[in-house]
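First to last, the protein sequences are chains A and B. Numbered by the numbering used here, the letters in the first sequence go through residues 1 to 755 in order. Numbered by the numbering used here, the letters in the second sequence go through residues 1 to 265 in order.
Check before you lean on any hint, since a few could be wrong.
[Unchecked claim] Okay, the calculated beta carbon distance ranges per label pair:
1) A:Ile336 x B:Gln116: 51 to 59 Å
2) B:Glu20 x A:Leu383: 53 to 61 Å
3) B:Thr139 x A:Ile242: 52 to 60 Å
4) B:Cys17 x A:Leu415: 52 to 60 Å
5) A:Ile336 x B:Gly127: 55 to 63 Å
Bear in mind the hints are in silico, worked out from the structure with no lab data behind them. We treat Cβ as the ideally placed atom computed from N, Cα and C, and that holds for glycine.
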Amino acid sequence: MAQQKHTVNGIIKDRRNGELMIGVTVRIEGKPSVGTASNEYGFYSLSLPKGNYTLIISYIGYDEQRQHVQLDKNARIDWLLEQATESKNNLQEVLVSSAKKGKNLSNAQMGMETLDIKKIEKLPVLFGEKDVMKTLQLLPGIKSSGEGNSGFSVRGGATDQNLILLDEATVYNASHLLGFFSTFNSDALKDATIIKGNSPAQYGGRLSSVMDIKMKDGNNQDYSLAGGIGLISGRLSAEGPIQKGRSSFIVSGRRTYADLLLQSSEDFKDSKLYFYDLNVKANYEINQNNRIYLSGYFGRDVLGFGDTFGTDWGNTTATLRWNSVINSRLFSNTSIIYSNYDYKLNFSSSGNDFGLNSQIKDWNFKEDFSWFANPKHNVRFGLQSIYHTIAPSRVSGTSVSSYPKSTRYSWENALYINDEFKATDRLTINYGLRLSAFTVMGGDTYNTYNNGVLTDSLTLAKGKLGKTYLNPEPRITANYRINDVSSVKAGYSRNTQNIHLLSNSSGGRPTDQWIGSSYTVKPEIADQVSIGYSRNFHDNDYEVNVEGYYKQMQNQIDYKNGADITFDASKDIESELLFGKGRAYGFELIAKKKSGNLTGWISYTLSKTERKIDGINNNNWYDASLDKTHDVSVVATYQLTPRWSLSGLFLYSTGNAVTFPTGKYELSGQTVFQYSERNADRMPAYHRLDLSATYETKKKKRFQSSWTFGLYNVYGRENAYTFSFEDDPDNPGTTRVMQTSLFRWVPNITYNFKF
Amino acid sequence: MKKLFYLTCLSILFASCEKEVDLDLDNKSGTLVIEGNITDQPGPYYVRITRSVPFTNTNQSPPVTDAFITITDTQGQADTLQHLADGRYQTNNLHTVPGHTYNLFVKTAGVSYTAQSTMPAAVDLEGLQQDPVKMGSDTYYNILPIFTDPAPLGNRYFFILTVNGHTKKILQTISDNVNNGLVNQRSIITSREEDEEIKVGDRVNVEMQSVDERMYSYYTALVQITADRGPGGSVTPANPPSNINSGALGYFSAHTTRSSSIEIR
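Chain A with its partners taken away, still in its complex shape (with noise of 0.2 Å):
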């Protein structure tokens, strides 16, 4: 006979600010195997039969909680978790967190990390802007394209297979000041979560990873203001309550002022070059079981050169959401997101202007719901649509006749549907279907080529629906609790791409344009199987990750050798291009220490990643741009004393595989170098070593401030950023090597305050 159920749900809180506090762990007491954790809105949902329990609520760092309750009904207890203080509990914030210590050990989930931005601050960083994206990229699996770039590759993908989302939003270039500085400014963040190609079904889009960044809510108890000040930016944040306990505003700016100083020397007084961001927030409790938020980024560069020379760019995103507990064993959020990317530059002499721009532009519809159906079974499905507005590079000007390039439109779907199955105490599977369409819309002549050779061409009329891909993506991650310290994980999962960065380069550029899947380009398909192992140690303060996974891609796009992307390329982009496969494989290993004066982590990532594409290198498989062998990365973080906290970073990695040249012959008096196969060469490997030292100041009543001092690349490592081939000036009639080296010991000052 089966035993009537009731069900114990609610919010949980962070007392001091209201933050809404995700990944918190449930339990009930005398009862292991029972328990679940709060989603990314704080909401917890747990059925149990009819009787009496004790609820405990926990999460590193935070006081622990428990309370009885007589479940002969259903009940909602939300939480208010207070922050344990020093005195109370010594453990020093980890670095990178489970949310419990040990759930690493529980969750099916694999190749995920999440960052907590509170405890990313004192890791040293260049000119002192902490940066989740490059700390991100300290992680095993995870590749810098390099020095002054923000791009990266997760297990050999290409940099645009990253799906980057801030509350929801897709932030199509997520770089400044060409990739020096990433987009997020960590003073309006709560946390970062990137998963390497295993997502569930709810996220879809991309081949290679999602980076899912939340903003903070703000704080709904009392207001404050928070700032700080660098070498190059300066920021400020203001936050407080709407009303008061049950809902917030955030605030939060940075610019740039480095422009201020050129604009002092003669030779700058003209130029413009800085950036800024504004991130907005605001939540409102409509009732106890509804919530709405507004979020919205808005950030620019500009750069630019008295009347001769302007250029800038950005990203817009804003997100509208409905969260409502529909009743407690099922949770919906609804959400409305827009995302705008374009850049803009021109060029004006002699009384001639020019210009090029072009713009990407997304409106999204989600519907995703939580549904808690028993403790086995925990079920997330849901539908996405987006409708892609996309303008190709495009230029205007004084001399400006024709431009044959219009914009393109296509709509995405996805329905989905995942579950969270706790099989038996030990083992538990997490698995789901995504069903993507994409649908290519009307407004454009489409060209069908094959191998670049115009095969068929087909004009679609405003509003009509062209060609539709479907692909049903399954995924499935198991993981089994060996012991109290071990578990193993395997994971399957296959992702589709309908959106395209064009690229020639590994770092990727203001100007590099986006592209939706058309009757040339079809949608890339990745298939990714890993396996893997975690082990804890010393009661879990030490936890030791491997993972190793094969993936597999289909339809790759590259260009030609020697295409033509200039503005007038005379040509449809799309007979630019060439197609073919990638393969990776790789060993990726984690070993933290989470708790003590020092805390940190090592990470090692073997691996190798390779294309395949007709056309390029005699259709042989050759080595991706970013197949970096070995990549190490050795984070460390020691408290001195309650007031002085130190920090070093070593990074050492593989050289890209690059194109040198293999010879060299005279045209018309003019040295031509000559090339063979592609990236049959190595950089040199890359290292370095940062350090940084953190001293907090005395609290006075509500102030409190910090001082951050560091130095980039203590050793003045020469790290080749490019290498350039020319005639010798100095010995005519022979040729060199150059070789540009960025960012040797660069010291760092930043002051943060809050109050």
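Add chain B to chain A, keeping to what the hints say.
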């Protein structure tokens, strides 16, 4: 544009530095290089045949002196070229007409190479204008070629700019894709390198060639691999797409040519 990016970056990156290094480069040289030009000006015309050399050698390319070379057209002309010296071969009596298509045949060391090129209709270069660009206290001079693009779409131009007769040239391609049928307003962007920039008093010569589509692609790619590489420097370089088959480097171009000079004031 790349140079502007570079300049801006340099102004931020006070810590960047450049030095000469030794790199152990692979040697896959010895490839046949063909450089053939026929124009709408009176002949004779020349084809030069050499082989590529390792990076570490001097720039001297070893000439190929025993090649059999013919140029033919669709009108029944056939001209077997004579070797002069240093890998240079000369036509005897080839007569060229804009609009006609020419075929090059080269045989050496048992391998045959062929190429085809069509000479476009000539477009006149009416003159040059200096186009000063002020950057802070510096003034750079770009050069504006004055010409009127003919009404039909599809004109392709290649410019060779020489300063004071120096051997180092500045190359640029322009298509009529965005300014079809208009008087040209796009300048040739000159070097910003300290010892190469154009100064007042310099004599600048510009050769304008009207080329066919394949030569335009070739030159566009050639400009990309010879220009400054800029930040990131990671554009994957490759040999420009030659119109010669059998794996030879170089090109065979039937083009029209016009030149003009200007003194910077």
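Next on the checklist: When the structure is checked against the list of hints, which entries are broken? Sort them ascending.
Outcome noted: none
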